[in-house]
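Could you build all of it, start to finish, from the sequences and the hints given here?
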Amino acid sequence: MFAPIAVISEWGNGINFLLAFLIGIGFGFAVERGGMGNARKLAMQFYFRDMSVFKIMFTAIITAMFGIILLSSIGWLNVDVMLINPTYLWAGLAGGLIMGFGFILSGY
Amino acid sequence: MGTSKSKKRELKAMDNNKYASPYIVGVFLGLVLLSSFIISGRGLGASGAFMSAVVAVEKAVSQDHVDNNAYLAHYGGGEKNPFKKWLVFEILGVLAGGLISGAFAGRIKVETNRGPRITNKQRWIFAAAGGFLFGFGARLARGCASGNALTGGASLALGSWVVMMMMFVGAYSLAYFVRKLWI
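Read top to bottom, the protein sequences are chains S and H.
Under the working numbering, the first residue of the first sequence carries the number 1, and numbering increases by one thereafter.
Under the working numbering, the first residue of the second sequence carries the number 1001, and numbering increases by one thereafter.
None of these hints come from the bench; they were simulated from the model.
Heads up, some of the hints might be wrong.
[Stated by the list, open to error] DSS-like cross-link-like pairs, simulated, lysine-lysine; straight-line CA separation at most 25 Å:
(1) K41(S) - K1109(H)
(2) K41(S) - K55(S)
(3) K1018(H) - K1109(H)
(4) K1180(H) - K41(S)
(5) K41(S) - K1084(H)
(6) K55(S) - K1018(H)
(7) K1080(H) - K1109(H)
(8) K1018(H) - K41(S)
(9) K1121(H) - K1180(H)
(10) K1084(H) - K1059(H)
(11) K1121(H) - K1109(H)
Structure, rendered in structure tokens:
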């Protein structure tokens, strides 16, 4: 069990923030490269004219999900110390719906 | 006739080459997300970084208010600097990464993405209104499309799947009525 590396090794703020910046670069590069910087392209998924956002999102979710399950099943990744979103059912239902309205109006 | 057809084909090819294959991008993004979990023990996010900016303003106006609200205090209670957060540095990276990708693809320009039937001004008004709703919803649901749909989705957080599905319900149900904005 060696991961999450920064949590188990108790790394300080400096190195953590640097890693956050590098991870962010990967995130920003990926979404721009996939066309998620274009509001109209994003909105087109809601008219079934361009489903690339769907494809990117669910491919990414499945890839990361498989990785997490695989690494935790061979004992390398401790999911207990990972930050996993808690459930707030009613707030989530309302917030998700409002975000959906905002998404189709603003395009992001 | 022949030239116009080949020109059309050329234009179409250009359009297709504009962005990378969504499946390749998806796998790459999934690996970035997985690395984030392996390295930092947490996933990607976006709206939380804006929360830091909001709390910084609130702190400047009334420190008492921030201290007395547990949610705000988490960001900037007492001596805490709201900008010394993992997500703030991650978002700075997102800006840099997007800029690098845009530079590689020659896409850096000022533009207003909208449908052909509205003006730029109308688009900006709806962008602000939609952004207002999205920001409000993101705080209510404790996360946006990155923090809930992507990260919560991959870590199989039940509440995040609820938020993700409700986002689709909201957007698809309103899409028909605001189609003039986009198509």
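Here is what the structure says about each hint:
1. K41(S) - K1109(H): Holds, at roughly 16 Å.
2. K41(S) - K55(S): Judged against 25 Å, a Cα distance of about 13 Å means the pair holds.
3. K1018(H) - K1109(H): 14 Å, holds
4. K1180(H) - K41(S): 15 Å, holds
5. K41(S) - K1084(H): With a Cα-Cα distance of about 34 Å, the restraint between K41(S) and K1084(H) is violated, given a limit of 25 Å.
6. K55(S) - K1018(H): Within the cut-off at roughly 16 Å; holds.
7. K1080(H) - K1109(H): With a Cα-Cα distance of about 38 Å, the restraint between K1080(H) and K1109(H) is violated, given a limit of 25 Å.
8. K1018(H) - K41(S): 12 Å, holds
9. K1121(H) - K1180(H): 14 Å, holds
10. K1084(H) - K1059(H): Holds - the C-alpha atoms of K1059(H) and K1084(H) are around 14 Å apart, at most 25 Å.
11. K1121(H) - K1109(H): 18 Å, holds
Figure legend: structure checked against the earlier numbered hints; hints not met, in rising order: 5, 7.
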